[in-house]
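Protein chains: 2
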Amino acid sequence: MTTLEDVLALVAIDSVSTNESALAKYVYEHLIVNSDLEVERIGDNVIARSVGLHSFRVLVAGHLDTVPGDVTASVIEGDVLHGLGACDMKGSLAGMIDLALDKTPRPVEVTWVFYAREEISRSQSGLLEIAELRPDLLVADVAVLAEPTGGRVEAGCQGTLRIKITLGGARAHTARPFTGRNAIHRLGDLLSFVALYQPREVQLEGVTYVEQLQAVSVEGGVAPNVVPDVASCVLNHRVAPDRTLDQAVQWLRDFLGELLDEQDVVEVKDWAPSASPELMNPHLTRLVEISGETPQAKVGWTDVATFREFGIPATNFGAGDPLRAHRSDEYVTTDEVNRFASVLGEWLRSTPNTSGTSI
Amino acid sequence: MTTLEDVLALVAIDSVSTNESALAKYVYEHLIVNSDLEVERIGDNVIARSVGLHSFRVLVAGHLDTVPGDVTASVIEGDVLHGLGACDMKGSLAGMIDLALDKTPRPVEVTWVFYAREEISRSQSGLLEIAELRPDLLVADVAVLAEPTGGRVEAGCQGTLRIKITLGGARAHTARPFTGRNAIHRLGDLLSFVALYQPREVQLEGVTYVEQLQAVSVEGGVAPNVVPDVASCVLNHRVAPDRTLDQAVQWLRDFLGELLDEQDVVEVKDWAPSASPELMNPHLTRLVEISGETPQAKVGWTDVATFREFGIPATNFGAGDPLRAHRSDEYVTTDEVNRFASVLGEWLRSTPNTSGTSI
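Protein chains in written order, with this note's numbering: chain W, 1 to 359; chain E, 1 to 359.
Quick caveat, the hints were computed from the structure, so don't treat them as lab data.
Only some residues are given here: those of chain E computed to face chain W with a beta carbon under 8 Å:
1. R176
2. I184
3. G188
4. L191
5. Q214
6. V218
7. G300
8. H326
All C-beta atoms in this analysis are idealised placements derived from N, C-alpha and C, irrespective of residue type, glycine included.
Chain W with its partners taken away, still in its complex shape (with noise of 0.2 Å):
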C-alpha cells in the first residue's frame, strides 16, 4: 500500500521545471534495487523496464517536474498531504514507485517512465527527449499517462493551438483622430466577438469534448499621443479530436469573418495535436472497467498525443482531482493514490487480450 509518507518524500524533492536532478537520482535509487528492472537514466528522466518473455507491453508514464511554487509547504494532515506537486503528479508517481518495485509476476512487460520538464515549452519535454536519444526505450503496445485524472480514465486529449492576430489601421494624431484608424478599437471587437464565442461540443467514442476560445494575451500602441495602427492578441483555442490543425485555423478564419481585413495577419504560433480518445481499444477498455468509473474527454493537453504520434495507443489515468492541478492549495489523499494504485495493478495483472482486430 501506498502511504502519503511516500508522497511526501517525493514531493519535499524540489524538482520545479528544469531542476528534476535531484528527484530523478531518488527514483532510480530506489528502482535499482528490483532486479527484474532494467533502469536507465537519460539526463533527468528515468527509465525501468521489466525484460521478461511477455510479448506485450505496457507504458506507464509520469513526469517528474512541478509548475513554480513553494516547495517548502508541504504537510500531511490526517489522509490529506498538501504541497507543491501533490495532485500534479508526486500521487501518481509513488504509486508507480510501489508498483515497479511489486515482484508479483504479470502476463505483461512494463516500461515505467519518469521523465522530465513537462510544465513547461512541449521543445523541452523530457519525454522527446528520451525519444530522441533512446526510442527504443518507449516501444510498447498500450500507455497509460499517469496525469490527475480523480481515478477515471480521462480519454485522449484535446489539440492546443496558439494563434496570434494582429490587426492594422491606419496612424493619426489623437486630437485627430478621424484622419486615422485605430487598430485598438478594432481590437476590441475582435475581443468582444471572442468573449461570445459557445463551446463546440463533440461526442466520440461515448465521450464528450469541449471546445474553448480565450484571448491569453494583448499587446498594442505606438505612442501616447498617436492613434495606434497595430494591435494584436493571441487567442488559445482547444480543439477536439475531430479536426485538424488546418481545419481549426479555418473555423477561426471563418468564425471572425469580417472583423479581419486583408491588411491583417493570422500566425500560429503554436501547435499541440490532438489525440483521439482510443476507447475502442480493448486494453484501454479494460482499464476503464477495473476502475469502475465512467470515461470522460480530457478537455486539456496531454502527453497522450505525444505517445499517439509515436504510435502507441494511450490513455490519462492517474490520482487527484485534476481541478486541483497547478492550485497553490493543492492536494491529494491516501484513499486518492491508493485507488489508483490498485486500479493500475489489477490492469497490469490482468491478461490482455491480444486476439482483437482492434490492435
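We have chain W; now place chain E onto it with these hints.
Okay, now just chain E, sitting in the frame of chain W:
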C-alpha cells in the same frame, strides 16, 4: 522677405529632440548681430529681447526641435520646401528670425524665444527649463506660439489626459475557462465601447473645441494556457478648456459606467492642462483681424497652456498646415512663410490697446 532658402538653412541642421545644440548656435549667431537685442543662450534655448522703453512686451515663441525622421531629405521644388521640420516648425522659425533682425521701430518690446525639446515628454521641455533658470526672460503681456496653424489664429488648446485602466478577472486553465473570468475579454467590451464614443463639442468665445477619446495602448496576459486575470489599456482623452482634470476623470468614469468593477483600477498617468481661447483679449483679437482669417480652436495640446500657467494670455499662430505636422511628407510653401511673417510683423508694429479693461 523670408525665402525658402532661409527655411532650408534651418531644416538642413539636424535638430531632432535633445539634439538642438547646433541649431541653437546657428540662431544665436544670427541674432547677436542685431545690437538692439539682448541675446542669451540657456542650455539649448535662445532668448532674444529688445530692451527699449516701451511698457508693453510681446513674446513670440517657437521650438527648435523636430520629431525623428530623415534629416537629409530636404529639397526645394519651386515654391515648396520638403523636409523634416519644414512645417513643424522651421518655416515659422525663419520668419521669426527675419522679424527679430528687422530694426524698424515698433511700439512694443518683443521677446523672441527659441526653445528645445517640445516634441518629447513635457518634463524635458526647454520652455520649462528657461522658466526655472531665468523666469525674468519670459515676462510678457501677451504671447504668440508659432506652431503651424495654417496662418490663422488657433485659439487656446485642449488638455490631454492619459489614463490607465486595469481590469481584473480570475485565473483559470484555458481548457476550463468557465472556472475563471477573462480580463482580456472584459477589456474587449470596454474598448468596443470606447470606439463608439461620440465627441463632445464645446463652443467657447466663438470657437468650437472637439473632444476626443482614443485607446493608445493595451497590454495583458499571464501565460499561454491561462485565462488572464489582468489586462489594461491607456486611453488618451482630449479635454476642452471648460473642464478641469477632476471633471474629465469623473466624466470618463461615468461614461464607462458598469464596464468598471470595484476591483478595477483607474489611474491618471499624465495630464497637461488646457488653455482658454483668450479671444476676448484685445491684442489677440487684433491678431485675428490682421490675419484676415476666422479663428479656430486648437484641438491638440500646445505650450499655449504653459504660457497660461505663467499668467500670460497666448495663442497659436504660425506658418504651415497643422495636418502636415509629424508626417514624413511634411512641407511648407513660400506663401505660407511670408504670410505668417507679414501678419506677425504688422501686428508687432500696431499700437497695443492698453486701456482695455480686460488687460
